[in-house]
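S.K.: This is what each chain is made of:
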Amino acid sequence: MSNEVVVSIRNLTKRFGKTVVFEDVSLDVHRSEVVAIVGPSGAGKSTLIRCVNRLHPFDEGSLQVLNHQLNKGSQFPSKQVLNDIRTRVGMVFQTFNLFPHLSVLENVILAPIEVKKVPRKQAIQQAMELLDMVGLSEHANKYPKRMSGGQQQRVAIARALAMEPEIMLFDEPTSMLDPELVGEVLDAIQRLAKDGMTLMLVTHEMQFAKEVADTVVIMADHRIIEKGPSREVLENPRTGRAQAFLKRVLNPVHATELEREVAVGHGGGR
Amino acid sequence: MSNEVVVSIRNLTKRFGKTVVFEDVSLDVHRSEVVAIVGPSGAGKSTLIRCVNRLHPFDEGSLQVLNHQLNKGSQFPSKQVLNDIRTRVGMVFQTFNLFPHLSVLENVILAPIEVKKVPRKQAIQQAMELLDMVGLSEHANKYPKRMSGGQQQRVAIARALAMEPEIMLFDEPTSMLDPELVGEVLDAIQRLAKDGMTLMLVTHEMQFAKEVADTVVIMADHRIIEKGPSREVLENPRTGRAQAFLKRVLNPVHATELEREVAVGHGGGR
Amino acid sequence: MMKGVLITLKLTGSSLVVALVFGFILALMRLSTSKTLNLIGTWYIEIVRAVPVLVIIFLAYYSLGNILTLSGFTAAVVSLGAFYATQYGEIFRGAILGVDKGQTEAASALGMPSRTIMRKVILPQAFFTILPPATNQLSNLIKDTSLVFTIGISDLMFQAYSAASNNFLPLDMLLEAGVIYFVFYLVLSKLLARWELNVQRSRS
Amino acid sequence: MHIVGLYISPIAIGALKDLILTILSTLLSFVLGILFAAGRLYGHPVIKLVIGWYVEIIRGLPAILQLFIIFFGLTQIGINLSPLTAGLIWLVAYGTGYAVEIFRSGIMDVAQGQREAASALGLGRWITMRKVIVPQAFALMLPALTSFVVLQLKNTTLLYLIGYADIMYQARLGADATEAPGTLYLMAAAAYLIMSLVIGRIGYRLEKRATAYR
Amino acid sequence: GTSGSSNNLLSKVESTHTLTIAESAYAPEDFQDPSTKQWTGYDVNILRGFAKSLGANLKIDSMPFSSSIQAVADKRDDLTIDIYYTKKRANVLDFSRPMLNYNDVIAVNSQNPTVTSPTLASLKGKKIAVVVGSAEVKEAQNIPGAIVKQYSTVAESFLALSTGRVNADLQPDTDVAWAKQKNPNLKIKILGAVPSSIAPPISSLRGYYGVPKGSYSTAFLAKLNAYLKQIASNGTEQKILNKYGMTSSVFLKGIASAPNTYSGN
Ligand SMILES: Nc1ncnc2c1ncn2[C@@H]1O[C@H](COP(=O)(O)OP(=O)(O)OP(=O)(O)O)[C@@H](O)[C@H]1O
Ligand SMILES: Nc1ncnc2c1ncn2[C@@H]1O[C@H](COP(=O)(O)OP(=O)(O)OP(=O)(O)O)[C@@H](O)[C@H]1O
Ligand SMILES: [Mg+2]
Ligand SMILES: [Mg+2]
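Chains as they are written, first to last, in my numbering: chain A, 1171 to 1440; chain B, 1171 to 1440; chain C, 33 to 236; chain D, 29 to 242; chain E, 484 to 748.
Please keep in mind that the hints were generated in silico from the structure rather than gathered at the bench.
Any given hint could be a false lead.
What the hints assert, rightly or not - Label-pair ranges, simulated between beta-carbon atoms:
1) E:Thr597 - D:Ser133: 32 to 42 Å
2) B:Gln1413 - A:Lys1249: 24 to 34 Å
3) D:Leu234 - B:Gln1413: 30 to 40 Å
4) A:Arg1361 - B:Asp1391: 40 to 50 Å
5) D:Arg158 - C:Glu78: 32 to 42 Å
6) E:Gly697 - C:Gly126: 58 to 68 Å
7) B:Ser1248 - A:Arg1361: 56 to 66 Å
8) A:Asp1302 - C:Thr74: 48 to 58 Å
9) D:Leu234 - C:Phe160: 26 to 36 Å
Think of the CB as a built atom: it goes at the ideal place given N, C-alpha and C, for glycine as much as any other residue.
Please build the complete structure, drawing on both the sequences and the hints.
M.R.: Right, dumping it as structure tokens:
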């Protein structure tokens, strides 16, 4: 992790219509830092990282991504800026979102060819290297639907990496996977971290967050309720809300009567 | 756990067309025993417990459920036998399968009134007690779609209990839930176990299985590869296949290169 | 009758082209962010779909005749095209909307501009959702071309009808035409459906 | 305007006749459609086959051709039907072909999980049908049923071709007598438009109510 | 449509007190008055009188011309009016004694006539409107290179001519003249002189009433013919003609002396 701040979030507020998703959120992400964002469902984790690559606009505060200052409000930034951010910030979704009509290889080379105008031959060569890295080079000509979830997610990682991004955003990349297949994907992400990629990662895998992330951010009740070095935050959370959340997630069996009621109340509000 | 065997599975084989789902599976379940069935996706866990309440027929071997001997082949058992099994064996599904056009209360009272001919008033009273037990009595008049997944699954449990079954089958009752909501449902199941209900439970929650189940059964490669007291099986699995499976599920982050390749191979076969 | 078949096919082909082009425009109108375009598209579809095809044909042929005289064939193509555009418009719109939102997001996140997304990601996927309902509507279109005999176009239906009014063997004549229509229907609904299934299977 | 005044009441009467025919034929088609759908889903293989082909033939032949076969064609083998009888028979035969498919897919579209949950609770086939499947299928089918009624209404247009005195018949006579088809066919279109929109509206209301639980 | 159980048309009409005619609205022979919505016209007047003589009411079944012959052939309706004799029709219908003497003319668009002389030769290669199932279809199809456009009623064919969709319309002169007179907006006119302006003249110009073929109709037809002969000779028919402005004596040329059944001219 270097001192260079690549994503700077200051007092950010985001609303959908009248509902506030989060308010007054501030966070700096440094080059090569791995930031894990955790928190209950509906806390706004996905929305936060989607603001970073401008899939969503924001309403208040300021947001700087890779020396671009993004404007608040729904007006799009200029084409160049948007293009620069989108190519330098890669994203991997919970539901993989592979293009089902394209083979694995075509999925990976589409953006380099269409956006970066990389010659096809070169794009294929680079794609094969990436597929090799995620252990899927033999599956290059398969269609995504023929693959397991874990394999699909690794293709999605390769696809994002093909744009040679400086920052990678992951939104619950393993939550749609069978428990047995989770390892494959976490493994690929861990490798990126080791190679010095800047990562922002929404996850429910606390064990993974603890071991791989430099920083853990807990979001709840429309705010960041706690952030800091991962071990510190996950092992000794300071606020009661954070403690309750972590207890429930780490040890679902031991939820006490009281906590169960809290959870019921929460569920009822969905 | 008593000595009375309530479900006796002997050399059971089940095929769908030509594909073998499982072969030569044997298992005894005693009254008040809690049996957890674990194993990789596609191992045939769901199919096995669905044979117990005759949602599926089986092809070879013998199956005795609550002193009824079930015939192999696709012919249905007599109406009385089927009815007796279905009312004395309750089932909770992964996807809840609540009746969306009926309120929570109506979901719970439908079967007692229609099948057991319980008077409506009495059915309602009993249903309210059950809903109270799963912490949902205030939601009796809501429609299922308006509730969180955890709440829906608890309604499904109450619905099954309303038939006063002697055995309850659970098929991954928490795998469709947000991690935070898993606790609510596991809590309700744990309570049933404590009350002495006979349970057969397919689950991916190893921690839960270890603490609540008397017996753990690991299915893989179309067979039962290991079964025994839960701690023993989960902490000291004897076979290599079981060890590999448990390692991956319990510690996805630490999957070694070799195991990752195994997992890839497995995923490719889905 | 063979002459009638040719006219029926020619009519179907021309109407289909009109319906596809106009339908695509309608879909874009209803998908556009402009409230006015959206409203015009919606009302057009609501109104035209509520009126029987035969009435539309009569309107195009006779009512429009006061302002602008269309030949029978043109009037038939215009009215069938105008009606089927509403069907195809809704099919296109549904298919475009039906492509998972995640696809657009994933493509945007990769830096693709919206035209590339439409061309390379949305339309190729929408195409396969469009095919089954589109062939279904095509077979409806062929059947509805039979209505144009009422404005004196000598299509297949007309041949059967006028032959019957000449030789007074209505059952024979109508059944003969019926067999031809039914063959078209079977080709479209069974053979094309099978082909679609194969294409789809090869990708999922 | 003069012509509108002259022909408004015959067209209104024609519209009423069309509406009555629509309602009558819709009800009959629904009854037959449900029976056929049950036959196609659960019946003897021969019944399944016969109903399957019936549906294909109804869907495969142009509407007007079917009507003409019933009205004109059958006379060749000595069956003479009045325009009203022939029209009603055709509307029901045609409607049944479409209703079968609506009911069948409505029943099949209710998730498999619902059937399994009902079985697991010990609910019998009949109760499952009545209490679980049909209420949900009905909600799923309502949009299709609404379009079905509109389709039947639009089909009544064709009856003037066999001399049934409906909207189009009146418009046609008017057009012949006054040589002002522009106005008269617009009036006919307006009559159909109003009725279709009203039916659509009623369908939408019902749908809202039936799917309140979602 | 009434298809009674009786196997004799006359007794059926007498017992049901209804005479049903199949027609397709040719004015001024049979048409609905726009203001009263009552059926009227030359044939309607005659047949109303005939029905009355049998103690029956007249009922009108209106349909496309091509269906009207079929309807009577099928005994769905009792009688059809104003048809020309053709051999094919004679296979399914019996004919009354000859009625009006019709003159087919060539009608053209009055503003932009694209045919100028009233000869069949001048119709070569032109678009000609006729009514589906009418005898003129054959005539038009015999003209070399002609494109024959068939309409289901005579009114529709006039509209097609008026809007310029066709170059000419082959119809009886009375119908053209009546339509033109009642609807001045209609841009049609008769080419050449009336009567019998086409050269060479088109054959089979007599109109007849048609009834179901065979013994079923024999008694009925006898009564009808007797009635028709009576009104032709006692001046009733001429009065009816005058009422509809059909004043030319050509219409009734030879009618009183005509034989009781089709004579082949
Ligand atoms: N496009 C949208 N329009 C309106 N509201 C939205 C939209 N997307 C998200 N929201 C709302 O914003 C809130 C935050 O959603 P978000 O998806 O960011 O939560 P999350 O923390 O990622 O939850 P999860 O763990 O369930 O993914 C939720 O209440 C959600 O309903
Ligand atoms: N109705 C069916 N028809 C055909 N094959 C089936 C059917 N149901 C299940 N199978 C097949 O049987 C095998 C076992 O399925 P089953 O659902 O029992 O596995 P499982 O162990 O429960 O897996 P999971 O953890 O994914 O639920 C799978 O290969 C599946 O594809
Ligand atoms: Mg999220
Ligand atoms: Mg399963």
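S.K.: If a hint holds in the structure, say so; if it does not, say that too.
M.R.: Outcome of the hint check:
no., hint, result
1, E:Thr597 - D:Ser133: 32 to 42 Å, "55 Å, violated"
2, B:Gln1413 - A:Lys1249: 24 to 34 Å, "55 Å, violated"
3, D:Leu234 - B:Gln1413: 30 to 40 Å, "59 Å, violated"
4, A:Arg1361 - B:Asp1391: 40 to 50 Å, "30 Å, violated"
5, D:Arg158 - C:Glu78: 32 to 42 Å, "36 Å, holds"
6, E:Gly697 - C:Gly126: 58 to 68 Å, "59 Å, holds"
7, B:Ser1248 - A:Arg1361: 56 to 66 Å, "60 Å, holds"
8, A:Asp1302 - C:Thr74: 48 to 58 Å, "51 Å, holds"
9, D:Leu234 - C:Phe160: 26 to 36 Å, "33 Å, holds"
In summary, the structure is inconsistent with hints 1, 2, 3 and 4 from the numbered list given earlier, while agreeing with the others.
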